[in-house]
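Colleague: One letter stands for each residue in the lines below.
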Amino acid sequence: MSLDEPGRAWVFGDDIDTDQITPSRFIVSTDPEELATHAFNDLRPEFSANVSEGEFLVAGENFGGGSSREHAPLSLIGAGVDGVVAQSFARIFFRNAINLGLPVMICPDADRIDDGDEISLDLDAGVVHNHETDEAYDAEPLPPFLQELVDEGGLKPYTKRKLGTAD
Amino acid sequence: MTGKTITEKILSDHSGEDVRAGDYVEARVDEMIGHDVTGPLAIDAFEDVTGEDRELAAPDSTVFTIDHHAPADGVKAANNHNIVRAFAEKYGAHQYEINDGICHQVMIEEGFVEPGDLVVGADSHSTTYGGLGAFGTGVGSTDLGTTFATGELWFRVPETIRFEVHGDLPKGVYAKDLILKFIGDVGFDGATYKTAEYAGSAIADLPIHQRLVLANMAIEMGGKAGIVEPDDRVVDYLEHQADLEVSIDPDLASDDDATYEAVHSYEGADLEPQVAKPSNPENAVGVDDVVGIDVDQVFVGTCTNGRYEDIRVVADALEGEQVAPGTRLIVVPASGAVYEKCLETGVLEALVAAGATFQSAGCGPCAGYHQGVLGDDDVCLATANRNFPGREGSMDSRVYLASPATAAATALYGEITDPREIETERYDDHATADLGVVR
Ligand code: SF4
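Protein sequences, first through last, are from chains Y and G. So that you can map any letter, position 36 of the first sequence is 36 in my numbering, and since no number is skipped, the others follow by simple counting. Numbers in my numbering are just positions in the second sequence, counted from 1, shifted up by 167.
There may be inaccurate statements among the hints.
Here are the computed lysine-lysine pairs in the DSBU-like style, where the Cα-Cα straight-line distance is at most 30 Å [stated by the list, open to error]:
1) G:LYS444 x G:LYS338
2) Y:LYS156 x G:LYS243
3) Y:LYS160 x G:LYS444
4) G:LYS338 x Y:LYS156
5) Y:LYS162 x G:LYS257
6) G:LYS243 x G:LYS257
These aren't lab readings, by the way, just hints derived from the structure by calculation.
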């Protein structure tokens, strides 16, 4: 998959936990669009009103730690975010994103991207392009099992095939 | 080939393959649990993947609790509760009510979990089951919903980091202090994707309610699971607590020549009460470093430290005394059974007489939903597991994490206080005995 259309990077720091992505008081909803209106509500209140389709999230180490709430990646999908690039991810967030089909890339050079830079992702080649600086950063390849899951569009299509319920 | 860790054994057993750390497997899941926040999304995923012919793979092992917003604090929460109720009734899953308590405590008290089981929960503290020697791990709602349908889920077999504590623990030092110390030493992401295995003579001496604390907070260092090797204490505990007869496979322990990613070793005698400063559990320091800091609220509860033994430590310290003026003490039992036991033994009465607010069972203000949310600049000391910015309310509030004994001493003086300062005879009993819940 290639997300080669450049889009704005919203840059966050280290240890952004799921309480900061989707504060607890808003996760009574399961609707991605509604959740999107509260994404980063307290940490970065201007995010939800200004993010648009095709933009990217960039973060430092350990993005998405804390609770298992799928509302966190769902709120990013609802906001139209096309992919998340981080130096490292917390386990459940990473798993949830893959299950939901939200592209995630582990990229040690993610800290070279500045807020507002135009970036694009090449998932197949495992490369993040920074169009602002004309740099390309390598991302870690996904293990084959996860790549298969991603290629299939996430855990739901994968399970439907297993159960024979795919339409 | 070298031996296996308990993690590798459980995942081999449930996948029917001989697996090692780093392998990807699809494994049979023994129990699956969702609650009022994560349940509705899991239900959507289940209905999506099952198409026309909807059936739970294992209704008897499918459990829902209503604990996060219990009782409902608004219309949306109430509607989520009704979604969970309707689903459980329609498909024959177990469902617990608003006064039954926190998912992890309910699963254990009700005897769903046995040593060696593979448990998934759409809640990150599903690591708690490792206190019984099970492999419990938190997953997302899509994971849970598809597991409802298939009874299986994909896993990456995690590497193991071993924490050993030898000798005896000093007075005033509990499992909570150990786990805060471990998290402080390896960091908030120090065990990401890994199992935290707890061993050594001091751990083997811990009662089950304390082992559950170690397993519970494995996630606060990023852990996929936290496990204490099961022994006869687990057998006794399940018999008394859950009316469950189990026997433990003698091979259900890490082999002596198993491969560990790291081993951290501690002498019990060197340890002291710990407090994690705002706003991350990894900010653990010896209590001396924070003594004297004024607190507005003390919160005793959660799936970490809301058990009867925890609440009784607090009641013992406060019996015949008063909570410090200007300080609010909020106590939330982890389950309805814990509530009843507090009622029956006079613990509730002692706490109320001391000026505590004693609330119905559930998560309480742990995640900032309701029943004790913090305002701007409020300072709280909690027996909870997380103190992220805004976790318990305002982004400008500050939360310190500590053991129930430290919470009790702090409630008494209105400032962070070393639990070793106050004499509570039964401290040592609490460290060694499981007092149990009402049955
Ligand atoms: S008590 Fe707190 S940490 Fe435990 S399940 Fe409830 S909200 Fe989560």
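Colleague: Would you mind marking each hint as holding or not holding in the structure?
Modeller: Each hint, compared with the structure:
Annotation: proposed proximity of LYS444 of chain G to LYS338 of chain G holds, straight-line Cα distance about 22 Å (limit 30 Å). Pair hint LYS156 of chain Y plus LYS243 of chain G holds up; C-alpha atoms about 26 Å apart against a cutoff of 30 Å. The straight-line distance between the Cα atoms of LYS160 of chain Y and LYS444 of chain G is roughly 46 Å, outside the 30 Å bound, and the hint therefore fails. At most 30 Å may separate the alpha-carbon atoms for a hinted pair to count; LYS338 of chain G and LYS156 of chain Y exceed this at roughly 51 Å.
For the hint pairing LYS162 of chain Y with LYS257 of chain G, the CA-to-CA distance comes to about 24 Å; that is within 30 Å, so the pair holds. The hinted pair formed by LYS243 of chain G and LYS257 of chain G meets the criterion: a straight-line CA distance of about 21 Å does not exceed 30 Å.
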